Structures are given as structure tokens and as C-alpha cells.
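Trainee: Each chain, letter by letter, is given below.
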Amino acid sequence: MSERQMMKGSVALAEGAVAAGCRYYFGYPITPQNDIPEYLSVRLAEVDGVFIQAESEIASINMLLGAAAAGARAMTSSSGPGISLMQEGLSYMAGSELPGLAVNITRIGPGLGGIAPSQGDYFQATRGGGHGDYHVIVLAPNSVQEMYDLTIKAFELADKYRNPALILADAILGQMKEPVLLHDAPQRVPGKEWALKGAPVGLPTKRIKSLYLKDDEMEKHNWHLFRKYSQMREEDTMVEADLDEGMEVLLVSFGSCSRMVQSAVRMARDRGLKVGYIRPISLFPFPGDALREASEKAGKVLTVEMNTGQMWDDVRLNLAPGCSARLLARPGGGIPTPGQILEEAEKMIKAGDEVAKSIC
Amino acid sequence: MSERQMMKGSVALAEGAVAAGCRYYFGYPITPQNDIPEYLSVRLAEVDGVFIQAESEIASINMLLGAAAAGARAMTSSSGPGISLMQEGLSYMAGSELPGLAVNITRIGPGLGGIAPSQGDYFQATRGGGHGDYHVIVLAPNSVQEMYDLTIKAFELADKYRNPALILADAILGQMKEPVLLHDAPQRVPGKEWALKGAPVGLPTKRIKSLYLKDDEMEKHNWHLFRKYSQMREEDTMVEADLDEGMEVLLVSFGSCSRMVQSAVRMARDRGLKVGYIRPISLFPFPGDALREASEKAGKVLTVEMNTGQMWDDVRLNLAPGCSARLLARPGGGIPTPGQILEEAEKMIKAGDEVAKSIC
Amino acid sequence: MYYDVILSGFGGQGILLIGDLLAHAAMLEGLHVTWMPSYGVEMRGGAANCTVVISSEKIGSPITDEPCGLIAMSNPSLLKFQGKVKKEGLMVVNTSLVDSQLIERGDLGTVPLPANEIAYQEVGEHKMANIVMLGAFLAGSGVVSMEKVEETVDSFFEGGKRKNIPLMVKALRRGFQHQKEGMEHAG
Amino acid sequence: MYYDVILSGFGGQGILLIGDLLAHAAMLEGLHVTWMPSYGVEMRGGAANCTVVISSEKIGSPITDEPCGLIAMSNPSLLKFQGKVKKEGLMVVNTSLVDSQLIERGDLGTVPLPANEIAYQEVGEHKMANIVMLGAFLAGSGVVSMEKVEETVDSFFEGGKRKNIPLMVKALRRGFQHQKEGMEHAG
Amino acid sequence: MGKILIDAEKCKGCSYCVLSCPRQLIAIDGERINMLGYNPARFNGDSGEKCTGCALCAEMCPEVVIEVYRDKKKQKEKGGAG
Amino acid sequence: MGKILIDAEKCKGCSYCVLSCPRQLIAIDGERINMLGYNPARFNGDSGEKCTGCALCAEMCPEVVIEVYRDKKKQKEKGGAG
Amino acid sequence: MKLQKVFARPASLAEISFHFCPGCHHGIVHRLLGEAIDTYGIREKTIGVPGVGCCVFLYDYLDIDVCEAPHGRAPAVATGFKRVLPRNVVFTYQGDGDLGAIGMSEVVHTANRGENITVIFVNNGVYGMTGGQMAPTTLLGQQTTTSAFGRDFHRDGYPIRMTEMLATLEGVAFAARVTLHNAAGVKKARKAVMKAFEMQLNNMGFTFVEFISACPTNWRLSPEEATARIDDEVLPYYPLGIYKERKSPDYL
Amino acid sequence: MKLQKVFARPASLAEISFHFCPGCHHGIVHRLLGEAIDTYGIREKTIGVPGVGCCVFLYDYLDIDVCEAPHGRAPAVATGFKRVLPRNVVFTYQGDGDLGAIGMSEVVHTANRGENITVIFVNNGVYGMTGGQMAPTTLLGQQTTTSAFGRDFHRDGYPIRMTEMLATLEGVAFAARVTLHNAAGVKKARKAVMKAFEMQLNNMGFTFVEFISACPTNWRLSPEEATARIDDEVLPYYPLGIYKERKSPDYL
Ligand SMILES: Cc1ncc(C[n+]2csc(CCOP(=O)(O)OP(=O)(O)O)c2C)c(N)n1
Ligand SMILES: Cc1ncc(C[n+]2csc(CCOP(=O)(O)OP(=O)(O)O)c2C)c(N)n1
Ligand code: SF4
Ligand code: SF4
Ligand code: SF4
Ligand code: SF4
Ligand code: SF4
Ligand code: SF4
Ligand SMILES: [Mg+2]
Ligand SMILES: [Mg+2]
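Chains as they are written, first to last, in the working numbering: chain A, 1 to 360; chain B, 1 to 360; chain C, 1 to 187; chain D, 1 to 187; chain E, 1 to 82; chain F, 1 to 82; chain G, 1 to 252; chain H, 1 to 252.
Hints listed in this document are in silico derivations from the structure and should not be mistaken for laboratory results. Among the clues, some could well be false.
One-sided excerpt, in silico: chain C residues whose CB lies under 7 Å from chain B [claimed, not checked]:
{"id": "1", "residue": "G11"}
{"id": "2", "residue": "A23"}
{"id": "3", "residue": "M27"}
{"id": "4", "residue": "E29"}
{"id": "5", "residue": "G30"}
{"id": "6", "residue": "T34"}
{"id": "7", "residue": "W35"}
{"id": "8", "residue": "M36"}
{"id": "9", "residue": "G60"}
{"id": "10", "residue": "S61"}
{"id": "11", "residue": "T64"}
Computed cross-link-like contacts, DSBU-like style, restricted to lysine-lysine with a CA-CA straight-line distance of at most 30 Å [claimed, not checked]:
{"id": "12", "chain 1": "F", "residue 1": "K10", "chain 2": "H", "residue 2": "K247"}
{"id": "13", "chain 1": "B", "residue 1": "K209", "chain 2": "A", "residue 2": "K228"}
{"id": "14", "chain 1": "A", "residue 1": "K160", "chain 2": "A", "residue 2": "K206"}
{"id": "15", "chain 1": "C", "residue 1": "K161", "chain 2": "C", "residue 2": "K87"}
{"id": "16", "chain 1": "A", "residue 1": "K228", "chain 2": "A", "residue 2": "K160"}
{"id": "17", "chain 1": "B", "residue 1": "K214", "chain 2": "D", "residue 2": "K84"}
{"id": "18", "chain 1": "H", "residue 1": "K45", "chain 2": "F", "residue 2": "K50"}
{"id": "19", "chain 1": "B", "residue 1": "K214", "chain 2": "D", "residue 2": "K86"}
{"id": "20", "chain 1": "C", "residue 1": "K80", "chain 2": "C", "residue 2": "K163"}
{"id": "21", "chain 1": "G", "residue 1": "K247", "chain 2": "E", "residue 2": "K50"}
{"id": "22", "chain 1": "D", "residue 1": "K58", "chain 2": "D", "residue 2": "K86"}
{"id": "23", "chain 1": "C", "residue 1": "K170", "chain 2": "C", "residue 2": "K180"}
{"id": "24", "chain 1": "E", "residue 1": "K50", "chain 2": "G", "residue 2": "K45"}
{"id": "25", "chain 1": "B", "residue 1": "K206", "chain 2": "B", "residue 2": "K220"}
{"id": "26", "chain 1": "B", "residue 1": "K347", "chain 2": "C", "residue 2": "K127"}
{"id": "27", "chain 1": "C", "residue 1": "K180", "chain 2": "C", "residue 2": "K127"}
{"id": "28", "chain 1": "C", "residue 1": "K180", "chain 2": "C", "residue 2": "K84"}
{"id": "29", "chain 1": "H", "residue 1": "K5", "chain 2": "F", "residue 2": "K50"}
{"id": "30", "chain 1": "F", "residue 1": "K50", "chain 2": "H", "residue 2": "K2"}
{"id": "31", "chain 1": "A", "residue 1": "K274", "chain 2": "A", "residue 2": "K228"}
{"id": "32", "chain 1": "A", "residue 1": "K197", "chain 2": "A", "residue 2": "K214"}
{"id": "33", "chain 1": "D", "residue 1": "K84", "chain 2": "D", "residue 2": "K148"}
{"id": "34", "chain 1": "D", "residue 1": "K148", "chain 2": "D", "residue 2": "K127"}
Since we're looking at a predicted model, the values are computed, not measured. C-beta: ideal position from N, C-alpha, C; glycine also.
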């Protein structure tokens, strides 16, 4: 296992789940993520796991809810429209404090859209597309290796916080192959004393629920959840940064889009430009502090996204005061090319310091 | 009809829909909005309309999609969990550019939660809880009169932009009674040449869809939608403001919560304090310019919400530079009392100018 | 002018109705008014209460932490709300159903009113206890005139329910009178 | 060292496989590599292509607008991609299936290769045209050594498919040789 | 040969027990109002020997507030939860 | 008495027409590859009088690329879309 | 004469009062579940998954592990449990809105999968918890808060017979309709619950028990009138009986 | 001998090639719809609502008004249309994944409501468009990309017979299963489509036609082998016939 293997992103993600001790998959087919269920339908059989093709995404997320409540590491995966259908279930899982993994290999939206790479589901993922005050832990890989590593990490964080986690990737990351190093030692699944498995004689029976009707109970519960989210922000933000002494502009992007940005950074540096690069890996909790510090040094920030500007909100909410910010956005399957990015970065370097909130 | 009548918020909303020419209701029961379907089940029969109790919220939103595509003014209503289940359908409606009204008389979330008033669905409403780059027009009444007026307005805006609209209210607004003045002249429903009704001989048949597979088509479509949202921001933001010359703090809130803030403003002014008040009525498009101007004058901004801080993002994104901002948040059915609000406002007036992003 | 009152009791006692009548009368007086029921849990039975706010200015909060008045028709509702009533506010308690010993607020203009007995014996219909309470409240608070409430009662009901109007007016007046007398007595 | 190549043709021609072999060999060389198929629409049939990027440094974008090389096995794929190839890049075109007159880029080191004929006549198996093309590409680009690709072919297949390995090696070598000769010819 | 105990404070006065007793031994007590606000059921069979302990009343009690006692020798006939 | 026209450029070579012709008048043309990349079907009945115009081939053609012609007098028997 | 207690609250039924309205049959169903759990001695391995409806507080009443499910999704949640804990006993408890309307897909597919769980289905012909709206099982002509003029099949469709429909599925091991409106009915209902649990313990697959129940509050009838209505109007449309049983020990 | 055209493309079928794979029966269904629309002269008032699956491009092929529905929800969308436009002809076109899996609830309730629409149901035993995953209708033992070891009822449940199940519902006016794998079958299939549209035109309620179809690509068979498989394996489990018809003109 300790050799590099060429592997598809979706398969690496599935292997990550298996390595994390996940033995239960519930899901409904949808392009472009079918490699995950197809692979796991065979792979889980090898490790005495259970693969169920559910009748719908709603059934999937609720089977996941049940399996999670029974104490298992379990997962589902889907894409845009299917993830939309899971929002009620994710809200229930967050409300009932159940860990579990949902994977969104995004499509283009809104509607049926298309299956090209897109980052249009950022808001849904980070704001909680369901009802109520909650968040899902969101990790955004940008390589096949991270499809593997962050899947394991997602299970860990989900259990640490008793909160659902979501991997946000797209067709590029799901379909591409890169060399991957798989871990040798599979993870130990932690014991979960809160899980329901039936109550041995003498021990009290347990409840898993999100319904609180008595005065103040629900407000207390909401603040309890809020504290968990604050703790996440303090302890578990993840970020990759490649800052340049004296950088004149900072490029911000996540997921597959950051690969284009990395190419642009190389091109820029080849031309002697001083550019920095920062990539939020955890989209929730958003690495605001890291961004603030880096933006302070750069003074100018160029956000690059494959949507019409969603992380753009979080970037602007977390800039050092006085920074100028610009957005290079391409929705609907358009992929910003390294050349385009470089051009925008150059423009910013040349431009004055005014806050340029324009969208190109 | 031109006399004031005591009326429940939910009933006023339903009457607003009828006045707007809405003749089709599709919905599934859920507390605390059952007054709407119960009332309309009788009221629509009087005006030769159609009331269907759908088997689920998913069926409801998709019946709405069909009725909208047939050119009718139509609506659905639900609460938190049900609205979550409608996210896929709302995304499709936005993607297919179909007007229609969804009403969310919110509950507490996440999960099953409770039915007390709450504003925890702000993110879902304004960010598009479904997949992809889209927004729903969101109007937030704060009185029974507005439950009526804004429902009519929501239908108008939905048709103007061929985009779904949502009324965001809660148990307070749905259940309270206030005197209401109903309009005398019911609205004329505009003709919709794009709607599908069968194609007369000689005319081309039509399509309503959100699937775009050819290169660039989907990117173009996304930018087209984006331009509509920009136009909304320019032409159709709605705000109520009660600013005070030389105000020392600006209070921001929406919906039922703004009623508590209005009481606090009165109490503050009775004590000689200079406070201003601003209320976004359209939550999407968010009245950023109005807020920026008002915040510039006040310098200090206190946001009051019945959640753990959601509009808080939009407020911070639209403050005049250098403003200090604070959040008074009460989630889970907790209602900030006028006294509490006043206290916070006084604290801010006394405090220095530092940006105070704390959450109390 | 600003007045807020909490009306409370068990479900089925007609609490929401008298709140409604009061609010309606206030509207007819040309005042601003809100009527806000308690949003119960998704289940049957239990307590029922509502808040009516009446003001000459636009009303902010339709709920209140410190009401000017309280109408209490059950033990739990008295226990829940009497501590909240404003100093020197008004409390109308139906002692036919509420244990007089539970009344603790001495500062309030409280008249113990055996509304069920009054309804039964003086009005001739025990279901009118809530209307008796409303009449007493009107006497105590003076927030809306008796005429407007009677006008409201007359315009409020349709069809078969109209036959109760004379009884209701009687109940209102009996309640009003008892309260007046009780207050004079106390004063 | 940086090299990116687009491999393209119809579904069923084994385009993704030769991309896979190339990427695998690059990995065995210790290089960074990405293999990226085109994400087709949700339907059957049609074009198939993939992009392989090979580099001595960490790879940013796994797709490319201006590839160093192109392997084209169908008319539509030639038409779609030839305009994008970098100046003086490499183009390997299967003239058994592609109309030579469509070749427009004179600046490229293009060798027209009748891969199907070569496969059928020289390798003895017409299904090896894709492998022939890969061999030719290796000769033209030099991006990965022939040894590593042969090593890859040997480690890549399991079970029944292993019996084709000798034929594949033969196809690789025939393609390699044709390209070399063609280039000398042209040079 | 039998008797029942009704926990009248928890009874909701639905009258199912009244309807189901083959010997008419139970009645709703119109005089009494219990803590929950209902007129509870009352067992009228204490004096006589009429109650058979058949438990039909208990089977029907939605609040599960009826206990049934019976002569030992008849016990075996009864299935259920005893 | 009948004949068919196959739009060979739009045929996908599924062979359903071949299988369904009671007179075996249709065959897949292994020599030809059409624009779509398939070996199309070919009607072999032109010379003789074998084709009855029964349209069974056309009924089965998923691409709807077969037109059927028939002697006028027999036409009435045929239901369907003609 | 020494009297012995022959009928009492089952041990696994907590000692607190139900929130149900007077005459609501949900209480009897709860008791029958408690009895079955006690009888088979499975309190330690039983997991209850109530849907959302008047049964949502099941967790307060039954002293077993309980997990709340979103409205209509209890069968999916139960599937998750059962696949992780195949040796536990898992049941759902659902109303007719929960199971017959929003949860139609989940129950049909769970049944079709032959999932080895038990579904307790309380058919009271209305949405009790939310205030008496029309349910998929509401009878034609019946007035509810959303069918003020009576259910009309042109607009509202027909009352669904869930047991009959599910019995057509291969995956179903046991499907029966019982009633609670008289003591004889309750005794049969108990047997059906026992049977369903027993079959689950024997890994026989999906078991389903539909209970014809009264919701006096939303029928706007006294409990006594509600009892009569079940005989006169409900049972003629919803015939009692075992509609499917994989092996057939004759017990009803 | 003067030959006349007796069979040609229906006028309402656009002159462009289908995207379907060779031997896919979707093409025949499209043609039958075109014929029915032409025959009744209802191009001007017909609205098609395809689900998501290989039929999603219906809008490219049929020259009628077409509205896309989210996966599985076509019956709800069609309900919206029909209630607004009761005099138009509205049909859905759905695959077995679309209708039998994710869309189960919508089709059952639309059928139960007796909604006056026609549902065209293409049962090819797999999820064609997404690459051949197991469908609710996949046969036991059948290998698909998510049932590599063959469908196993312990894990995956049983193939659902939708027509039989829907036929139990009161609201259904017509429910039939037809096949497309031979010319005789296609002729009966045409009659079923005609009947369904005719009944809709006569306001008779919900009409449903299930087409047994081949997906050679995902069955990994040649069209010829696929034809044989329908006879040998598919039809024995899915018997053809009319399962429900409100009035019964004997026409099949
Ligand atoms: C997604 C969602 N939709 C709607 C509701 C509101 N709701 C709660 S219970 C219920 C129906 C209750 O009826 P039933 O299932 O028949 O149970 P009963 O109360 O009659 O026993 C509904 C619609 C909800 N909680 N969640
Ligand atoms: C909500 C949602 N889930 C999943 C999908 C992906 N999807 C598209 S088509 C399809 C199934 C296609 O199978 P079927 O309905 O049998 O039609 P066929 O292609 O076989 O004709 C699926 C699962 C989707 N588009 N939307
Ligand atoms: S046990 Fe039988 S006889 Fe005795 S009271 Fe109950 S029902 Fe009557
Ligand atoms: S059945 Fe139970 S709750 Fe009903 S009246 Fe009798 S004892 Fe009371
Ligand atoms: S029309 Fe009949 S006989 Fe003629 S080719 Fe077609 S199937 Fe054969
Ligand atoms: S049936 Fe049609 S598509 Fe198939 S081979 Fe014959 S002509 Fe070609
Ligand atoms: S509302 Fe109906 S179902 Fe609910 S507790 Fe009351 S009687 Fe029972
Ligand atoms: S995948 Fe199957 S259903 Fe789809 S077009 Fe191809 S053969 Fe037809
Ligand atoms: Mg019910
Ligand atoms: Mg299919």
C-alpha cells in the first residue's frame, strides 16, 4: 500500500472512506459521481461492509442518519440536485448532532444544469442549505491525494464535533487521475457512547432527537451548536498558503479552481511578478484569520471562483481593513485559464489601491 | 373592502395572493402555517381557483413549477423542514426562469426544532439553499398589512423577473391579528408569452428547461441570471428607515424582530437617545446602498436578529468603511426584548469606535 | 395612550375570543392594536393565552414582558403571569376557577371575580364567564369604551351565533358593574 | 520539464487507455503527472479525449488550452484541437481514419501515421492502432522513455488481458519506429 | 372474582372502559374533576362480586390507567401482558 | 407490391429491421460505414416483388428511418401512422 | 379469595401521562408495543423510530432507545439502523400523513427491499398533530380543515389502502390491518404486533401492521361517537384482516 | 403498380437523429407518441413532461410544448399543468429510475388522485443515462454497475412491478404493460398509447402505459441479444397485458 498509485479522484475518495473505517454507504446514482458508488459497491463487499443503493437521495441521507445514530461511520454521495434534496436530512443530522459524511461532486446549477466542473454549491455547503441555525463541516480538496486524505479527515472532524461533514469537489477532481499514496494503517473508529444500540439492563435508554419544545431548551441547544462552530473556527480551519515576500497581490481560490491559480502563480513568478496564493481547504470553518493576515501583507486580493461569486462573500468578510479586492468569476462550467488569471493579477498590480469590487 | 379589518397575518397573506390573481395553491400541512392552506381551501373555491393538498412539499413545489410554466400565478407555503425539501425545485424554477411564490412561515431549526418564531432560515432564503448560482427574491414583512401588500408585490416581482419569490415570515407574523386595509382593485395577471399552453398552428412550440449541455451555453445562462440579480439590486430593493439627525447608533433588523426594535427605538428616544432604525424589506436583493448610507451617518451599527447571526453577514458586507458593528442575536425561539435591545444600543453609544464584532 | 394586556387560561375557556373582541373594539375606536395568541407546541390541549396591545401610536412589539393588565382564568396562568404585571397594573382573576390564595400581588388593582357564578346566576349561561371577565377588565382599565365593545359584539357574530348577543351584552355589563363595585369597595 | 498532451478520438478507440499508460509510465519515472478525461454529457457515444500533463514540478492545472502535443484519431478531434497545439509542438495523426487534407498546421512536427494499417499489417491485430499511436508519440515527444512504458504495459494488465502484452510491446515499437523514420524523412 | 383499580387522576374520561365492560361496572363520575381537568371514570363493582376480571376495560383504556385483579385460578386463561 | 426506403446515413445498424422482415429482404451492410460510424441496413428487395409493404421493419426501427411504400389497393388494411 | 394482578402497565411503558387527547387510540398502540417488548424480553435491543405526528413523543413513553426521524422518513432511518445493527429489533411508528403521504416512497421501497423491520402504522384518517387536515386515508366526503366541503375524488383523489398496496410487494413478509375500537379488536391487534415482532426476530423480512384508530379531536366527535364511526364508516372501506403472511400460523 | 407511402415519420417527430444508442427502444416510444399526437390532431394542445433519464431530450424530438421536470417529479409537474390547463393533453415520459425509484411517491399519488394525465413509463431495467446502475426494476441476479454480483434480494430487494401496484389504486383508469421487442408488440403498444390518450381526451382519469424496453448498451448485449433476453428473462417476470381499464373495449 505504501507505493504511489495512479487513481481517479472518486476512487481515492472511496478508498479514503474505507481507510477511515467507513463500512456503510447509502446513495442514489447521479453523474458525475457514479464512480464512487460503483467502486464502493464492490469494495465494501470485500471488507464486510454494506452498500445500499437507495431509492432516492432523501432515503440516502436518512439511512445515513440512522446508521450514524447507530454509531457507525457511514457516508453518502451525490451531486447538486441530489444534495439539494438532502438539505432537510442534513439539518436534522446537525440538529441531532450526528456525524456522517456527505460528498458533493458538483454539477452546474441551477436546475438540471450540466455536469461540467463548477463551484456553484459553495453557499449551499457553507451556509447550510437547510433550515435553521447550523453548519456542516466543509472540506474542499484540490488533488486526488486530498480526495483521499480529506475524506479521512472529514470523518475525524465529524466525530470530533458530532456534526455532519461534507466534501465539496467537482468533475475535475472526481475524474482526474494522479499518483496517490495510501496510508498503511487504517483508522480506528472511535467508540460512541451516545449512539443507540439498545440499552443494556441497568443502563438508561437513550434518545437522539432535534425536537425541543420546552421554554428556552431550543435556544440553549442553538447556542450549544453555535459554540461548536466557534470551536471549529478556532481549532480546525485548514488552509494552504504560498506567500511571497513583498507580494503585490494575493490570489484566493479553492478546490479545482486553485489548480488553475497555481499554474498562474508559476507563470507570474516566471515573469518576476510577486504574487501570493492562499487556498481555504476547510470552507467551513472558513480560515478567516489566515486570510486576514495574508491579505494584510498583500494589500490587494484577487478571488478566483468557478461561480458568480460565492466564496467572495467570505473573502470580503475576512479581509484586513483597507485591502482592495477583485473577483474573477466564471460560472456554468467555464474554467478560468491560468492566462486569464495572470492577466487579472497583473491588472490589479498595476491598478491603484481603491477597493475594486468589480466582477469581471 | 376599503375598511380596516382585524385579520390574522396568514389570512392577510392568503388574501394578498387572491388579490394578486393567484388562483392555484399547492401545499402540504405544517405548523405554524396551516392557516394559509386551511383558509385558501375555502377561499379559492369561491373564486373558481384550485386548491390541492399535495402529498409532500416536493410534490407541492413541482406542481407549482408546472402551474407556473403553464402561465398561472400560483403559490405554495410551508415552514423550515418543508422549505428545505423544496430547494431542488426552487433551484429548477430559478434555472428555468419560472415565477411563483413560496411562503416560509419559519420554525426553529435545525431539525424538527420547534414552532416558535425564529429567523434561522435567512441564509437558506437569501443564498439559495439549493444547488447552483441562483437567488430567490425574498421579501420580509413585519406587519399584517405587509403580509398582504408584500404578497402582492412578490407576485409582481416574480413575474417581472421570471424568478421565484419567497415571503419570509414567522409564527408572530402568521398568527397575530392587526387591522388591515385590503385593496379595492384586484390585480391583473400579466400575459406570459413564454408560457406553455400548447402551440397554435403556425407558431413554434416552446421549451421550458434548465439543462444546457453545449459548450458555453450554461455559462451564458448563468451570466444571464446574474444580470437579472444585478438588475434587482438596482431597481427593486425595499427598505424602511427611520433615521435620526445626528444618530449615534443605527439599529438594523428585519421581519418580526424589527417590531421589537421599533419599541426599543421609541424607548430610546423617550430617553433622549439619538438612534436610527433601518429595516431591509427585500432581503434579496439586499438594500446594501441604503444601509451603507445610513451606517455612514451613524458610525455605529447594532444588528438584531432572531438567530445566531445570518443577516449579520449582509450587514457587514454593506457597511460604510470604518463603521463599528455589533450583533444582538437570539436563536431558537428567544425573542430579544425591547429592553435588551435598548441596553445594547446604549452600550454601543457609550463605547469607543473600535469595530466590535462580538456577538452577545 | 398605550395599554397591553395578557389574557390567559385553559384552552376552551374562550380566552382568544375575548382578546379578539377587545382588539376589534380598539380598532373601531380608531386606535392601533395587535392581537397575538401564544404559539403552542404542535399538540392538543393545555394552556391558551393571548396578548392585546392598544395604542394611539404605531405599535412595535406585539408581545410584552410587563403588561399593564392581566386577565387570569386558571391557576397556572395566574402563577405564570402575575409576577410580570406592571407595578400598580390591573389584574382580573376568575375566582370561580382560581384559588384566591394564589393572588400575591397586593399592589395591583385586583378584584376577585367569581365569573362563572356571575355568568350562571346573573347572566343565566355559564359559558359567558369569559365575557364577564372582559366586562370587568373594561371597567378596570377603561382602555376601550363599553359602547365600542357592545358595537363589536353586535358586528362580530353571524348567523346562529347572533342569538347570544343579548346575553353577551348582559354578561359584559354584569362584569363591568361587579368590577366597578369591587374597586369602589376596595378604594 | 513540463509536457502536456491531448489524446482524442471516438469512444471505443482506446484513447483513455493510452493516456492512462502514458501517465502511469510518467509516474514510474518519478515525475508528477495528471490524467484528465473529458467529462461528457450524460449520454452515450460520441467523442472521447483526455489530457495528460507531465512535469518535474507539482502540477497546477490538469487541463490545457495550448498543449505541447496532440494525438488525433478522428476527424472531429483533429478539427477541434489542431489549432490549439503550441507552436512547433507535436501532432500525431492516425491517417487510417483521419483525412490527411484536414491537417493544416505546417509548423508542427506532424507525421501522418496510418496506425490501423500498421496495427493490422505489422502487428497483426487491428485493435492495436491506439498503441501504435502511443509509440509514435513517445518517439516524437521523448517525454517518457520507451522502457518505462513497456514496464507499465507489463504491470498494468491482469489475468486474461496479459496475453496481449507481447503484441502491445510490438505495436509500441512499430509506432515508435515509424515516427522516427518519418521525422528523419521530414527533417 | 375480580376488581379493577382506576388511577382517576390520570384518567381522561374517554368512557371507553365504560363502553367495554360487559357488566356495566364502570361509569363516568360527573361530579369529580381531576387534575387534568376531566371527569374520570369510577369503578362501581367493589361491593358486589360482579367484576369477572376479564380486563376488557383495561384493554380499551388508552391512558393505561386501569389495573385488573382476578381470582388466582382463573388467571391462566388470560394472555397478554399481566 | 411494396418497397421500403432506408435513410442509411441515419441508420444505426441495430438490425431490428433485419430481424423483423418476414421475407428476409433487409441486411446489414458490413462494407459501408455511415457518417454516424455504423454499418447501415440495406434493402435487398428492389429487384423482385417480394416486399409486401407490411411495414414490420418500419414498426421496429428505433431511428424511424424506414419509409414503406405499398400497392394502393392493399393500403386500407394498414392502420397506424401512414 | 386471593386476587392477583392480571393486567397492569407494561414495564417498558414509562409512568407518565400521554399527551394524547381523550379517546385517542395512540395510547393503546403504545401499550401494545410495551407489552410486546416485555413479552419477548427485548427492551435491551429494541430501537424505536417514530415519525412526526402525534406519535413524535414516543421517546417520552417507551423506555427503549429512540431516534427521531424526519417526517415520513422513519423507514429509511430504520434501514440505516438495521443494516448497522442486524441483531437488534427495529420498528417505526408512523401516522397516515407520515407514512401514506410524504413518506410513501420510503415505506414502499423499504417494504420492497424486504428490510427486516416492523412498521407500525396508525391510520386515523387525518393529520392529527397539525390540526386535522385531510390525510391520504381520509374517506370520501369526510370534512377536514382542508376539505371543508368533504373529500372529493376529483380534486383530492381516493383514500389509499396502504396495507393492500404494500401486500402486493414481494418483500413484504407480513401485512395486516387491525382495529382498536373495541376490546376484541385490541386483542387481535396485540396478536398482530406480537406476530410482527416475532417474524422480525426470525429474520423473516418486512412486517407491517395498520391500526384503524380514532382521532376524536379532529373528527370533532366524542370518543363514543368516534367508536361508532369506525364501525359505520371506516371499516367498510378499510376491511380488517391479514393481507399477507409468509408462513401462515392461523392466529387471528 | 402505383406505390403509395404507407409508413413514414410522424409529422410531430422532428427531423433530427436521436441521441439514443443503436437498438434502444426509446426511439420507438417517441415515434408512437408522435403518431398518437398526429392521429388525434392534438399537437396544438399537447404538453410533454419528460423526466430525467435518456428521455430528457424529448424536447428536441417532439414538436410540441415541452417542460423539463426534476428527476422523478414529472407527475407533479404535469399535475400543475393539468390543473391550470384542464383542456390540454398532458403526458409524462419517465424511465424506471425516474418513476420507480426517486419518483415513486409522485406517481403513486398522482395516480391515486386520478389526475387526468397519461404516464409513459419506459422500463429498461437499468439507469440508462447515468451508466447502467441497478434500477428498482432490475431483475434478480442481473449484473449492473452497482450490483456487480447480481441483484440480491437480501441487499437490494425485489424488482418492482409498477403496473400491478398502480392498478390497485382507485384513481387509475387505465394501466397496461406492453413490449417493443417485436413488431406485434409494437402494434399493441401503439394501441395502448392511443387508448391512453383517448381516455385522457374523454376525461377518464389517470392512464399509465409501461413499455418493456431494451438498453443494449447497459445490458452489454447486442440489440439482437437484447431482443432475445426480453423474451427469455424479462417478460416472464413482467407479464404483458391490461391490468386495469375503467371501461373495457377489447382492443389488445
Ligand atoms: C417535512 C415536514 N413536513 C410537514 C411537517 C408537519 N407535520 C407534522 S406531523 C404531520 C402529519 C401528522 O399526521 P399523521 O402522520 O397522520 O399523524 P397523526 O398526528 O395523525 O397521528 C405533519 C404534516 C413536518 N414536521 N415536516
Ligand atoms: C435528483 C437527481 N438525482 C439523480 C439524478 C441523476 N440521474 C439522471 S437520469 C437518472 C436515472 C435514469 O434512469 P431511468 O429513469 O431508468 O431512465 P433511462 O435512462 O434508463 O431511460 C439518474 C439517477 C438527477 N438528475 N437528479
Ligand atoms: S375487568 Fe371486566 S368486568 Fe371487571 S370492570 Fe373491567 S370490564 Fe368490567
Ligand atoms: S378508558 Fe381509561 S382514560 Fe378512558 S375513561 Fe376509562 S379509565 Fe379513563
Ligand atoms: S415492408 Fe415488410 S416485407 Fe417489406 S422489407 Fe419491410 S418487413 Fe420486409
Ligand atoms: S431498424 Fe432502423 S436503425 Fe436499425 S438497422 Fe434497421 S434501419 Fe437501421
Ligand atoms: S390530535 Fe388526534 S391523533 Fe393527535 S392526540 Fe389528539 S386524538 Fe390523538
Ligand atoms: S443508455 Fe440505454 S436507455 Fe439510454 S440511449 Fe443507450 S440504450 Fe437507450
Ligand atoms: Mg393521522
Ligand atoms: Mg431505465
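Trainee: All the hints need checking, so say for each whether the structure fits it.
Mentor: Do the hints match the structure? See the list:
no.	hint	result
1	G11	violated (15 Å)
2	A23	holds (6 Å)
3	M27	holds (5 Å)
4	E29	violated (11 Å)
5	G30	violated (9 Å)
6	T34	holds (5 Å)
7	W35	holds (4 Å)
8	M36	holds (4 Å)
9	G60	holds (3 Å)
10	S61	holds (4 Å)
11	T64	violated (9 Å)
12	F:K10 with H:K247	violated (42 Å)
13	B:K209 with A:K228	violated (41 Å)
14	A:K160 with A:K206	holds (20 Å)
15	C:K161 with C:K87	violated (39 Å)
16	A:K228 with A:K160	holds (10 Å)
17	B:K214 with D:K84	holds (20 Å)
18	H:K45 with F:K50	violated (42 Å)
19	B:K214 with D:K86	holds (26 Å)
20	C:K80 with C:K163	violated (36 Å)
21	G:K247 with E:K50	violated (42 Å)
22	D:K58 with D:K86	holds (21 Å)
23	C:K170 with C:K180	holds (15 Å)
24	E:K50 with G:K45	violated (42 Å)
25	B:K206 with B:K220	holds (20 Å)
26	B:K347 with C:K127	violated (51 Å)
27	C:K180 with C:K127	holds (22 Å)
28	C:K180 with C:K84	holds (24 Å)
29	H:K5 with F:K50	holds (17 Å)
30	F:K50 with H:K2	holds (16 Å)
31	A:K274 with A:K228	violated (38 Å)
32	A:K197 with A:K214	holds (27 Å)
33	D:K84 with D:K148	holds (28 Å)
34	D:K148 with D:K127	holds (22 Å)
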